[in-house]
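Chemist: Spelled out from the first residue to the last, the chains are:
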Amino acid sequence: MTVEDLRRSPLASYPGVTEIPFLTMVNVRVPPTGDAAARISARLGGPLPVVPNSVVEAGRRHILWLGPDEWLVVGPDGDRELPGMLPEAVDVSANRTTIEVRSRDLLEHGCTLDLHPRAFHAGRCAQTTIARTQVILWQTSDEPVYRLLVRGSFATYLADWLSDAACS
Amino acid sequence: MLLISCPWCGEREETEFHYGGQAFVSYPADPESLTDEEWAQYVFFRDNPKGDFAERWVHSAGCRRWFNTVRNTVTSEFLS
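For the record, the sequence lines run as chains P and L.
Just remember that the working numbering sits 18 ahead of the position in the first sequence, which is counted from 1.
Just remember that the working numbering sits 638 ahead of the position in the second sequence, which is counted from 1.
Hints in this document: simulated from the structure, not taken from any laboratory.
As the structure is a prediction and not an experimental result, all values here were calculated from the model.
Careful, some of the hints might be misleading.
One-sided excerpt, in silico: chain P residues whose CB lies under 8 angstroms from chain L [unchecked claim]: (1) Gly34; (2) Asn71; (3) Leu84; (4) Thr147.
Every residue gets a Cβ at the ideal spot worked out from N, C-alpha and C, and that includes glycine.
Required output: the full structure, derived from the provided sequences and hints.
Modeler: What follows is the structure, given as structure tokens:
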């Protein structure tokens, strides 16, 4: 039996909600200007975004702005290189799971941000609350497609809430 | 519901923030020389004006950064 057989995503058996489990995530804390930031940008193949709540694509990974000196790098499941490639990074892959939502109306039931395309669009992210749960909301496409990065222990609550909101 | 302007994230709802009390309360330069009363003044006593008040807030459900702002304690209007 391998580690892959043992791991369970929070919504593995939850019907009707699209989960993208096991994305590799690292949290990077570094001053936004200086040698360290330049070295990290070169290593990741993309600049650390300095515009608040924006996302930069760096190859198969994405860099999300979390704070003026804090970023979240999201890679695909099985990105074994990412957790160890930056000395400033902490592996937080087990911290959150990802729910994909394809409806703005649905999110607007519980999210106070202005999600209209004039204010929020692909390449934007925001840390906010949806149905009182802290999430990182990230729009990946203008269709629209949103990703909700939510703590594993809150995932079933949020999935319950989304299912309920979708019915109303 | 108040809209509070985070210097990084822009306007967000009040529920994303936590209050941090009076701003610019500096740590005593030589704390050991303070009398008990002076220490108590530093630790426990804060201004309570009716009107504009410099305060600390933290965007706890967002970028988690602290910032200073001025709020009118009568109207709760944020002035900076």
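Chemist: Quick check on the hint: Thr147 of chain P CB to chain L CB, less than 8 angstroms?
Modeler: holds, 5 angstroms
Chemist: Next item in the hint list is Asn71 of chain P. Is there a CB on chain L closer than 8 angstroms to its CB?
Modeler: holds, 6 angstroms
Chemist: With chain L as the partner, please determine if Gly34 of chain P meets the hint condition of a C-beta pair closer than 8 angstroms.
Modeler: violated, 27 angstroms
Chemist: Please verify that hint: Leu84 of chain P, Cβ, nearest Cβ of chain L, below 8 angstroms or not.
Modeler: This hint holds: Leu84 of chain P lies near chain L, its Cβ roughly 7 angstroms from the closest one there, short of 8 angstroms.
Of the numbered hints stated above, the single one contradicted by the structure is hint 1.
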